[in-house]
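S.K.: The chain contents come next:
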Amino acid sequence: MAVKLKDLAQMEDKLVAGHGMCLGCGIPLIFKMILRATEDPIVVANATGCLEVCTTIFPRTAWNCMWVHSAFENAAATAAGVEAMFKALKNKGKIPADKKIKFLAVGGDGGTYDIGIQSLSGAMERGHDIVYVCYDNNVYANTGGQRSSATPLGASATTSPAGSKSPGKVQKKKDLTKILVAHNIPYVAQASPHRWQDLYNKAKKAFEVEGPAFLNVLCLCPTEWKYDESQGIKLAQLAADTCAWPLYEVENGKYKINYKPKEKKPVLEWLKPQGRFRHLFKEENAWMLEAIQKEVDRDWEDLNKLAEISGA
Amino acid sequence: MKATKILNGNQTIAEAVRQIDPDVIAAYPITPSTAIVEIIASFRADGLITGEFVCPESEHSAMSVCIGAASAGGRVMTATCSQGLALMWEMLYIAAGLRLPIVAAIANRALSAPINIHGDHSDTMGARDSGWIQIYSEDSQEAYDNFIQAFRIGEHPDVLTPVMVGFDGFIISHSAEVVQVEDDAAVKRFIGDFKPPYPLLDTNRKFTVGPIDFTDYYFEHKRNQIEGIENSPRVIEEVGKEFGRTFGRTYGFFEEYRTDDAEIGIVVMSSAAGTGKDAVDELRAEGKKIGLLKPRVFRPFPYRQIAEALKKMKAVAVLDRSSSPGAFGAPLFTEVRSALYDYEKRPKLVNYVYGLGGRDIKVEHFKEVAGKLEKIATTGKVDEMLGYLNLRE
Ligand SMILES: Cc1ncc(C[n+]2csc(CCOP(=O)(O)OP(=O)(O)O)c2C)c(N)n1
Ligand code: SF4
Ligand SMILES: [Mg+2]
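These protein sequence lines are chains B and V, in that order. Under my numbering, residues 1 to 312 are what the first sequence spells out, in order. Under my numbering, residues 1001 to 1393 are what the second sequence spells out, in order.
Since the hints were made in silico from the structure, they are not lab data. Please note that a few of the clues may not be correct.
[What the hints assert, rightly or not] With the Cβ distance kept under 7 Å, some of the chain B side facing chain V (calculated, not the full set):
no. : residue
1   : Met11
2   : Phe58
3   : Thr78
4   : Ala84
5   : Lys92
[Claimed, not checked] Capping the alpha-carbon separation at 30 Å, the derived lysine-lysine pairs in DSS-like fashion look like this:
no. : chain 1 : residue 1 : chain 2 : residue 2
6   : B       : Lys165    : B       : Lys90
7   : V       : Lys1312   : B       : Lys90
8   : B       : Lys94     : V       : Lys1206
[Stated by the list, open to error] Computed footprint of chain V on chain B; a stretch qualifies when at least three of its residues, placed anywhere within it, have a C-beta under 8 Å from a C-beta of chain V:
no. : region
9   : 24 to 33
10  : 45 to 54
11  : 65 to 72
Keep in mind that this is a model prediction, so the values were computed, not measured. Glycine residues also receive a C-beta, built at the ideal position from the N, C-alpha and C atoms.
Hey, can you work out the whole structure from these sequences and the hints?
M.R.: Next up, the structure:
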């Protein structure tokens, strides 16, 4: 049964207003939705980054549930520790056996693709019953826009700047979602805030499976992507329509594409509104635009094949 | 049942772990503390402990798991040393800053480079400002006793500070000794239950652990944290006495050996103190007025008590099993020297770095030091304040 926005609106917010995130930021959109996808109490372990910094400036907090931050690269290990204690205290009869708590680890692309990939991989392999959500805004936003391994090919970031001799980042984005699939965990998915129902469903599945689950969610960042912040949701839609950020899920190893654009749009349409790609539209960088389109096409084809093999 | 057993340092720690049965143990193997992790794993496999044993992919994650688990609310421990402790470094400060009384067993080992697996104190001395309480052990018995007391000290509501218990890698971790293992139930009674004040798993409440402080609060929060370790001396003393009443072995901040009328003295920690005591006995037999002081607690540093114990001596050598390159002496020396500064009458002080990378220290080396101290005591002159023992120059 499809969830109704009206019903979700009735639910208590676990991340409330008053945080300091930028106008048009995708983070609150994503987490207000994800935190609604379970009725159980939640403990959140948050990596250092925009979400953590903007929501917990002492003595205020925007968190209306249990929340912990310890460092940048270890949200998964921290959540794993909380979950291990929950199991231990149940085992010792210090917590009632029927008590339910959900454990949510959260990190940005820097905290997940880069510095935190080891602790994430470890926690997933060990099978902790946690949900890890990466909000992928393609950049180290909190520290002012440095490249990460999630920064797309051609994007200008402060440590991969476009210049007269550089077309921006020359490396392709790491495919972290597939790396997580390779961990053979029960549930892995990619989502985006513009399809809120799909995001909600995926979060719900992630919370419900026993064992680790991973969600990679495209996160709008008007500040670092440099676009008109009123156009964020349209931009996210373009990421899906150009297949630059496909929406799919992998349940017990089986791929399923959740959104196939009727007509796949050229990747240009996703790049054009964003200042971080502006330099690509200069004549000398035309080759880079071509290269980006090629990569997107190839990845989309591969994904379709994987879904086909899975029988979906 | 209470029993006398032949165990090495790692085995005694594992015995204590079995008796305490912490709620969560997260640890990563590294020589020479690996056996602790292995024995714990086998205890878990045989159902002798019921807590969760987590085997993370690194020490950084091991300490992160400990921090998550301790924030969740319960008793938590790890074991490591050397590179492992170094890899935890970032998280050590966070454990202390979040006031989580995690206990770590450390089989003290040298730090790379060059890589070396043997015993010295470089690892824990490198963590001396991390906010952890540090207790050092002379032998397996002390490692066992200190490890048990560590939970009571760290978990005290006025303290709430993590504790690391050091014992020398290989020299203690791998040497079999006669150890008194106390009765399981008596140990359990001694450590009692731990009620953490802010457990994340109490989901009827709502709070934010580990928020960001700007210039307006960070300093006050750090001051609060410092107060925790400043409150610990009273607790360390109480717990040490209660341990004595319960099990017959009383502990304080340090041990004084034949210092009563001593004119010269040697300050040395951990296993080398055992050798030092033998040297003192031999020198005493020759009529030399020498004594030894073995600090047990390095953080908080019992500066007043140590200064009181040393102030009447004429010359004292502080022996350090780590170095502080470029500093005015190694860590223990700078603390002791600073502690004596306010005394008008105080001994001349010299510092010897010894035993790096597991280099042996023997009775003859203590005698060499005693010879130099005697000369200083009679002439009042120090030729060489900072030196090394048993080193090829
Ligand atoms: C060990 C460590 N290295 C570097 C930093 C500095 N730092 C804090 S947040 C951050 C970037 C975060 O990027 P991301 O995870 O993508 O989150 P976002 O800021 O985009 O929300 C960096 C580099 C740190 N806190 N800790
Ligand atoms: S910098 Fe980007 S991710 Fe960070 S709060 Fe602003 S919009 Fe959100
Ligand atoms: Mg980011």
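S.K.: Indicate, hint by hint, whether the structure satisfies it.
M.R.: Against the structure, the hints:
Using the Cβ-Cβ criterion of 7 Å, the hint placing B:Met11 at the interface with chain V is not satisfied: the shortest such distance is roughly 16 Å. Interface restraint check: B:Phe58 against chain V, minimum CB-CB distance 5 Å, threshold 7 Å, status holds. Because the beta carbon of B:Thr78 sits about 4 Å from the nearest beta carbon in chain V, less than 7 Å, this interface hint is met. For B:Ala84, the interface hint holds, the least distance from its beta-carbon to any beta-carbon of chain V being 4 Å, beneath 7 Å.
Using the Cβ-Cβ criterion of 7 Å, the hint placing B:Lys92 at the interface with chain V is satisfied: the shortest such distance is roughly 6 Å. Our distance criterion of 30 Å between C-alpha atoms is broken by B:Lys165 and B:Lys90, whose separation comes to about 60 Å. Proximity of V:Lys1312 to B:Lys90 is assessed by CA-CA distance (about 57 Å); at most 30 Å being required, the pair is judged violated. Among the hinted pairs, B:Lys94 with V:Lys1206 is consistent with the structure: their alpha-carbon atoms are about 20 Å apart, no more than 30 Å.
Beta-carbon proximity to chain V at under 8 Å applies to 0 residues in the region 24 to 33 of chain B; the threshold of 3 is not reached and the given coverage is violated. Figure legend: the region 45 to 54 of chain B, annotated as covered by chain V; annotation consistent (3 residues with Cβ-Cβ distances under 8 Å, at least 3 required). Coverage of the region 65 to 72 of chain B by chain V holds in this model, with 7 residues showing a Cβ closer than 8 Å to a Cβ of that chain against a need of three.
Checked against the numbered hints listed earlier, the structure breaks hints 1, 6, 7, 9; every other hint is satisfied.
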